[in-house]
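My request is simple: use the sequences and hints to build the entire structure.
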Amino acid sequence: MYVSRLSLHDFRSYEEVEVTFEPGANVLVGANGQGKTNLVEAVDYLASLGSHRVATEGPLVRHGAHRAVVRAAVVRAGRTAVLEVELNPGRSNRAQVNGSSLPRARELLGLLRCVVFAPEDLGLVKGEPGERRRFLDTLLASRAPRLAGVRADYDRVLKQRTTLLRSAVNRRGAPLDLSTLDVWDDHLVRAGAELVTARLDLVDALAPYVERVYAQVSAASTDDVAILAYKSSVPGTEKERDRTVLADAFAAELGARRRDELERGVSLVGPHRDDLALSIGDLPARGYASHGESWSLALALRLAAYELLRSQGDDPVLVLDDVFAELDVDRRDRLARRVADAEQLLVTAAVAADVPAPLLGAWYDVADGQVRRVHR
Numbered sequence: 001m002y003v004s005r006l007s008l009h010d011f012r013s014y015e016e017v018e019v020t021f022e023p024g025a026n027v028l029v030g031a032n033g034q035g036k037t038n039l040v041e042a043v044d045y046l047a048s049l050g051s052h053r054v055a056t057e058g059p060l061v062r063h064g065a066h067r068a069v070v071r072a073a074v075v076r077a078g079r080t081a082v083l084e085v086e087l088n089p090g091r092s093n094r095a096q097v098n099g100s101s102l103p104r105a106r107e108l109l110g111l112l113r114c115v116v117f118a119p120e121d122l123g124l125v126k127g128e129p130g131e132r133r134r135f136l137d138t139l140l141a142s143r144a145p146r147l148a149g150v151r152a153d154y155d156r157v158l159k160q161r162t163t164l165l166r167s168a169v170n171r172r173g174a175p176l177d178l179s180t181l182d183v184w185d186d187h188l189v190r191a192g193a194e195l196v197t198a199r200l201d202l203v204d205a206l207a208p209y210v211e212r213v214y215a216q217v218s219a220a221s222t223d224d225v226a227i228l229a230y231k232s233s234v235p236g237t238e239k240e241r242d243r244t245v246l247a248d249a250f251a252a253e254l255g256a257r258r259r260d261e262l263e264r265g266v267s268l269v270g271p272h273r274d275d276l277a278l279s280i281g282d283l284p285a286r287g288y289a290s291h292g293e294s295w296s297l298a299l300a301l302r303l304a305a306y307e308l309l310r311s312q313g314d315d316p317v318l319v320l321d322d323v324f325a326e327l328d329v330d331r332r333d334r335l336a337r338r339v340a341d342a343e344q345l346l347v348t349a350a351v352a353a354d355v356p357a358p359l360l361g362a363w364y365d366v367a368d369g370q371v372r373r374v375h376r
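Per this note's numbering, the very first residue in the sequence shown carries number 1; after that it's consecutive.
The set of hints was computed from the structure by calculation and includes no laboratory data. Hints may be right or wrong, so weigh each one.
Restricting the straight-line Cα-Cα distance to at most 30 Å, the calculated cross-link-like pairs of lysine-lysine (BS3-like) are [claimed, not checked]:
1) 126 / 159
2) 126 / 231
3) 239 / 159
4) 126 / 239
5) 159 / 231
Distance ranges between label pairs, derived from CB positions [to be verified]:
6) 160 / 80: 41 to 51 Å
7) 152 / 231: 19 to 29 Å
8) 160 / 56: 19 to 29 Å
9) 99 / 283: 51 to 61 Å
10) 80 / 260: 46 to 56 Å
11) 328 / 97: 38 to 48 Å
12) 78 / 252: 50 to 60 Å
13) 353 / 166: 46 to 56 Å
14) 204 / 64: 45 to 55 Å
15) 13 / 92: 17 to 27 Å
16) 178 / 152: 23 to 33 Å
17) 13 / 110: 21 to 31 Å
18) 365 / 5: 32 to 42 Å
Even for Gly, the Cβ is constructed at its ideal location relative to N, Cα and C.
Here it is as structure tokens:
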């Protein structure tokens, strides 16, 4: 799988731009602020309907414009499909495949797979649980696009339920009809149990890849094993894989925490409160891992995701966004050797010398809103 052509309209800094990419390595070189990351961000957005840099879509639309369009020709098993998404902040986005409109933008998911490793990924190790939940759910949607709908359903129910809990706080002692809360609890349990079951299965599948890749990119000793574990807000369910059992435990914990939730006006139980626990050896990575270990673990998470998707039959597009400047020479070389055989690799760098020799494929200079192919 690879992107052969990328066209942007009013996306980030670009009013209009079109770039032709090649299979194999593609290196985008330009000073900071010239727009090289905007190009790979657009590819990632088309694959995931999200950005690795911002949480909302507003910043993705060029200043002064009302909408943005990302379009790409994607080659998969020798066949080309043109994917397009129109970003409309505050309104529903629109999507097309080969000129035909899709009922929902999220039906694009799975048609292009992309894994991005970027400086922001240090937050997967050092940041808050929300970043790790997002990592899991984005990967879930790439592997099984229907799970994006499950997550959307869960978020919708959670929002309604939290609104009801907040209204209970504001009633100042007036009685609340708890039967309405019971209905939302049932919806939350059903969607939440399905989401958690999928996350648990994903962590099980991902863990051996992370262990192996971490050992390769960090040259770790045998004692320094990277370990993943799912940390649930429902006690005692981390090793449970039966959705019915999970749903029952979730419902019981909601009942046990109801008084607290009514007093505080927040939903305290569910996958929105869970975390992906990361350890190196016997110690949690957050707070104990060195800077180099944290980088290696973040890289291992992304490359493990890439390998897991690759095991399903299609090579995802792999993006290395301005990461070589953050890595020492040894880690650069190990990373380059690890990814050199990717079907398509998009690399951004501010300094050409930072890019290891095995990745010197198609070359592009990015400056002043222009992207120019350089023949070396």
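Taking the hints in turn, this is what the structure says about them:
no., hint, result
1, 126 / 159, "holds (27 Å)"
2, 126 / 231, "holds (16 Å)"
3, 239 / 159, "holds (28 Å)"
4, 126 / 239, "holds (25 Å)"
5, 159 / 231, "holds (22 Å)"
6, 160 / 80: 41 to 51 Å, "holds (42 Å)"
7, 152 / 231: 19 to 29 Å, "holds (23 Å)"
8, 160 / 56: 19 to 29 Å, "holds (21 Å)"
9, 99 / 283: 51 to 61 Å, "holds (53 Å)"
10, 80 / 260: 46 to 56 Å, "holds (55 Å)"
11, 328 / 97: 38 to 48 Å, "holds (43 Å)"
12, 78 / 252: 50 to 60 Å, "holds (52 Å)"
13, 353 / 166: 46 to 56 Å, "holds (55 Å)"
14, 204 / 64: 45 to 55 Å, "holds (48 Å)"
15, 13 / 92: 17 to 27 Å, "holds (25 Å)"
16, 178 / 152: 23 to 33 Å, "holds (26 Å)"
17, 13 / 110: 21 to 31 Å, "holds (29 Å)"
18, 365 / 5: 32 to 42 Å, "violated (18 Å)"
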